[in-house]
Amino acid sequence: MGDAEIIPIGTRGKPGRGSGSVKPSSSARSLATRQPGAQQARTAPKKPVARRAAPTDTVPVEHTAAPTATTPEAVTIPTPRAPSQAAAIISEPADHRHPTSGIPAVDWLSGFTSAAVEVFGENWEPRLAAFLAFLRRRLTGDYSVDEYGFDAEITQRFFMTAIRPVAEKWFRIEVRGVENIPAAGGALVVSNHSGTVPIDGMMTAISIHDHAHRFLRPLGADLVFKLPIVSEMARKGGVTLACNEDAERMLRGGEIVGVWPEGFKGIGKPYSERYKLQRFGRGGFVSAAIRTGVPIIPTSVVGAEEIYPLVGNIPSLARLLGVPYIPITPFFPLLGPLGLIPLPSKWIIEFGEPIRTDDYDPGAADDPMLVFNVTDQVRETIQQTLYGLLMQRKSVFG
Amino acid sequence: MGRVVLVTGVARDLGRRFARQIAAAPTVDRVIGVDVQPPRGDLGGVSFVRADIRNPVIAKVIMREQVDTVVHMSVLPSPGASGRTTAKELNVIGTMQLLAACQQSPDLEHFILKSSTAVYGSSNRDPAMFSEGMNAKRVGAVGFVKDVNEVEGYVRGFARRRPDVRTTTLRTAPALGPGLNTPTAAYFRLPVIPTVLGFDPRMQFLNDTDLIDSIEHATLTDIAGTFNIAGDGVMMLSQAIRRLGRPAMPLPGFAVGAFGSAMRQARVADFSREQVAFLAYGRGVETTRMREVLGFHPSRTTEQAFGEFAASLAPGLVSERRVRAAEAALAGALGGNRDRREERPDDLTAELTAANPGSGDHHG
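First to last, the protein sequences are chains A and B. Each residue of the first sequence is one higher than the one before, counting from -4 in this note's numbering. Each residue of the second sequence is one higher than the one before, counting from 650 in this note's numbering.
For reference, chain B alone in the conformation it holds in the complex (with noise of 0.2 Å):
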């Protein structure tokens, strides 16, 4: 017999994809995809029930389809276009209903939480690589970062209480794809970024794919425990502004807060208050345990996830083409030899050695 698999937060294009690629597995049977709204697109072989996590009908569902594995998705930072507090309801909450009705449930074998690096919080006491066992060393007393840390340690009790149950943490980077909707792709999309001026933070990405790669490995194999799941490297957030093409507008700390709740007034992007922190002081996380312990690698780095979200975008104000453009002209009016221009490497040390000996052949 195949497995049953519950998914909650399949509203969210994350949340579906995921519950129709676990759908395609060999090995499961069913997959139930819970979300108080409905989808937006298919769901494929899924069957949707309408229920709220917050509402013991949750425990009935487990109980009618046997599930045996439960996939909780829906810790968001911010659902939809309500506050905080709807947000922090949905997450610890929800949270605390559906652990409560997961204990009860004999059928029940693995329990997998897709948690988010937030939890490390952003500080400028940081050490540059989180690892697992590390905490945040600022929890805001408001935000999602305070709501990671909450649904965390419900987990950690479940997992106590029920040690029978197979328990996987997987901490991911945001994820970034083509035609995702996240806060982060959200914050990318504005044609002027904001930043915090006079810091530049490290960042991580994830591909979207790998991370519902990354759940589907944790959800078929059985190792438990908690992972960081990132894309290798970091990118400094100026990097990836300038990458964009587009123009970066810094502000003091105080304006980008904000900028950033009236812009979630607007409708516009979602980058919230807390975010500001992170904007600041940025996160990296260690991942050689998802690689040496859960056996997950990442089809893409930090680099390759962000180059193919700045791909689906349209190029900005200072694009690589204007910039490429620029420089032949440039080069071309200052009497540089364009033919060289064309096939140099692009280590400029290699570049310039490289070119000393063979000066002789271009006209000066």
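Just chain A, with the same shape it has in the complex (with noise of 0.2 Å):
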């Protein structure tokens, strides 16, 4: 009875479960020479114009399968017949080849041109044309990237679609101070680190993206460019090295260059210690900036730090593995892959006011004092940033 009840929903009417193969399974087989009644409720319902051996007692069973109180008159009742339905049965399957046989094409391109109006838009026959350009010059390789490797295309047209839901949605990312970020030429953006994952790092760069319409150009320590995947994305990213070499290369070709100081201290610091400024490195981005003469940003990220609560390391691991630490998080390897989502605080971006370095000297930068008080300056500036917007803030998923 059950096997009645549950067959001509599962198949569709079709031999084999469904399988869409023209002959029948074994076991479906095996059904068939056992109930061949069941077989008959399935298939008679099916074309009962065309058939004229079809009783109409059995067209109920179309419309009434699911209740099972019904079922069983709709399966007994033609059992008598068997016979001269099984013979009908054999050559049913000439009439069910394929289950989108029966959709005309009208159908279907209509069915397409409201996927496609969903998807690009009323104006969506130029706007397909142009995908499928743009997929064309990624095959053929039609593009050209950077001498960094950066690859505007795909960043804007991919890693920024990807992010900006996150950024929007997840993060509710509220961006202050964009003015201060100069609509043409270099300057360089100094940013406090956190989040156990550079989250942050990205999160800046879209905000710059879209609120400033300028390209972060992120420096990246070099475990970046040894991870397999991670180094591909990242250089097409706009990624590139954090050395000074680097750094003046692209500060003189006008890019906005950002910069993490703190480094690995500072993402993989404890959650308990969160929103202290771990030591700004040896302050090479401000000589980077003062031979370059471009402006120093300091922007302070808030709520980043709640994302990936750090309550834990494996430093024998992260030894072994050659990374600089092993997160554990309240989630981490705790629920799996589900720990990986990040959770959802609410985050503040403030871009500061910038501190000018073409007053110095290109000599300055080579002056210890100066950049270490340079560096001291930005990284107060940021700090006493991050206590005020921490008092601002209303909680930590607010």
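Accuracy of the hints is not assured; some may be wrong.
[As the list claims (entries may be wrong)] Using 27 Å as the maximum straight-line C-alpha spacing, the simulated DSS-like pairs for lysine-lysine come out as follows:
| hint | chain 1 | residue 1 | chain 2 | residue 2 |
| --- | --- | --- | --- | --- |
| 1 | A | Lys271 | A | Lys341 |
| 2 | B | Lys795 | B | Lys737 |
| 3 | A | Lys260 | B | Lys786 |
| 4 | A | Lys260 | A | Lys271 |
| 5 | A | Lys164 | A | Lys389 |
| 6 | A | Lys389 | A | Lys221 |
| 7 | A | Lys221 | B | Lys709 |
| 8 | A | Lys221 | B | Lys786 |
| 9 | A | Lys341 | A | Lys260 |
[To be verified] Incomplete in silico selection of chain A near chain B, CB under 10 Å:
| hint | residue |
| --- | --- |
| 10 | Asp141 |
| 11 | Glu142 |
| 12 | Phe153 |
| 13 | Met155 |
| 14 | Phe220 |
| 15 | Pro223 |
| 16 | Asp356 |
If you're looking for bench data, these hints aren't it; they were derived computationally from the structure. Backbone N, C-alpha and C define an ideal beta-carbon position, used for all residues, glycine too.
Reassemble the complex: the two chains are provided individually, in unrelated frames, and hints are given to aid placement.
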């Protein structure tokens, strides 16, 4: 009984357990010999007009297949006529060649058109053609990258599109002080670093792209370029190695360069030390800015500390794998992949007032005292802004 | 009296072509080509001396012919089918012997070394663009990178000992050209191209005629120093493979090394284990000094050099023609207007904005 009820739904009236094959599976065949009535009930209503032998009393099965109460009648009544029905069943598969064969081409076309309008908007035809052209150019390598391997097209159309919903919907980023990002020319964005995984870098990049319409060119640690896949995406997304040569080269080229001087000390610090800035490296970023005469924009990111609260570390495993730390968060190894979902904290990114460096003469970059002073000034600015933003924030997830 | 030029490594295509080209220069009287094997093609007006530069006989040739310019072009990643030890022997010991012979020669005035950008190595700690003053971040224990570094070291030592000789080192990017047989070309000729999984290196190429022209330029102008020679711009390896229309085969790093060794054993292609680092991290060099100090301007960019090379090969499985055909078929089937597509400019955003106001003029 239970079989008779389930099979008509699961296989949609076709033999072979809905696998789409013309021949029924062995289990389906054994089913047919044991209970021919079930087959009959299943196939008969499909083409009631074509088959004059089909009794009208089986037709309701199609509509009332689900309720268990009506099925017994539907199955048991045709059983006496099984031999004649079985003969009809053998010739049946010719009518049911493909599940889609019944849909006319016009329906396909209109279905596709409405789907295209849904995806590309009213103006879908040129947009679709443009999209195909884009695909073709990607497939044939007909695009260009800059000397750092930055692929503006893929960054804009793929990476940015992918992380934008995260920035806007998940972290609900509030961006302040966009006017401090210059519309043209080089600048050095210096920011605090936190969050176990450098998501704050990506979020700063998309904030600058969407609000100031410039690309952020982040400087990444050498580990970034050692990891497979990460290295590939990083170069394409505009990251280059955090070294003086690259930083100065990019700043001279008039790019907005992003640097996180705390490095792994900042991003991998325990949750208990959240929003406490770590040491700012050796101040290499300041000498790069002084040499190229670009302004330093102190940037404070609030919210990133809470996405993956780092409560522990496995230093021995980290050493074994050659990475700076293996994070333990309240959810990470515990919930497995689910623990990789960042907590939806509320973010505020504030771009501070630029610190000008073009007043110093180029030799000043080699004056350690001056470099330390400027480094300290940047660090203090960011720390004070962080405290200020934390005071204003109503709650972590607010 | 014109100059007498000695060119090593003329058995190779590039050496032979350079020797022929420099022989045609008006200020050059005589060109002597030296190699252990006879050249494969026509040497034209070049006199060929079959000699091993590891042998002191080279000193006699330099003395007797009163050579005033030596162009050392036989520092090669892999000389023929011979192994790593032979390659090192030829590169390093050969250069030592040649420099020893040069040091003895009173007539010598110019020494030009054709080095390679491989001198910078490849690692994850590399800056985006190497300039001439930088060193390799990581030099392997063996391999071509180490060879080139040692060879350049000997040449610098020679320049110190003979300050009267003008010494010029040209670090050239991998050369590509139709019909040119270099390890890089052999790699790109593979029907399925192995890459390192998860890495997409930046690469620069140099057109083969540009390479020869740059050495000629350095030979005939009197400028000393070290210069990077490469076409403008960089290409990603994935991009290059797509332009060839060949499928890439990403393999984990260790497997690429093993695969390369197997290919070398089978004599199909000659890309060695040490190139795995290059295939993972890539390399870019800065060419400002080439333009401003040396005064050489390559006629082709990296993309053009690669394009000419790609055009000389049979299109691969996913050739541009097929992709275009598939695109046309798709656009046609999905109701795209074929006429509009023909006149589409390449810039996508420009296309979009241009298409938006005029969307009424085609049937929808």
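Structure-based check of each hint:
1. Lys271(A) - Lys341(A): With a Cα-Cα distance of about 18 Å, the restraint between Lys271(A) and Lys341(A) holds, given a limit of 27 Å.
2. Lys795(B) - Lys737(B): holds, 9 Å
3. Lys260(A) - Lys786(B): This hinted pair holds, its Cα atoms lying about 24 Å apart.
4. Lys260(A) - Lys271(A): Roughly 11 Å between the alpha carbons, so the hint for Lys260(A) and Lys271(A) holds.
5. Lys164(A) - Lys389(A): holds, 18 Å
6. Lys389(A) - Lys221(A): Status violated; Cα separation ~40 Å.
7. Lys221(A) - Lys709(B): violated, 50 Å
8. Lys221(A) - Lys786(B): holds, 14 Å
9. Lys341(A) - Lys260(A): Measuring from Cα to Cα gives roughly 23 Å; hence the hint holds.
10. Asp141: holds, 8 Å
11. Glu142: Cβ of Glu142(A) sits 5 Å from chain B, so the hint holds.
12. Phe153: violated, 13 Å
13. Met155: violated, 14 Å
14. Phe220: This interface hint holds because 4 Å falls under the 10 Å limit.
15. Pro223: holds, 2 Å
16. Asp356: Violated - the Cβ of Asp356(A) stays beyond 10 Å from chain B, reaching only about 23 Å at its closest.
Consistency note: the structure conflicts with the earlier hints numbered 6, 7, 12, 13, 16.
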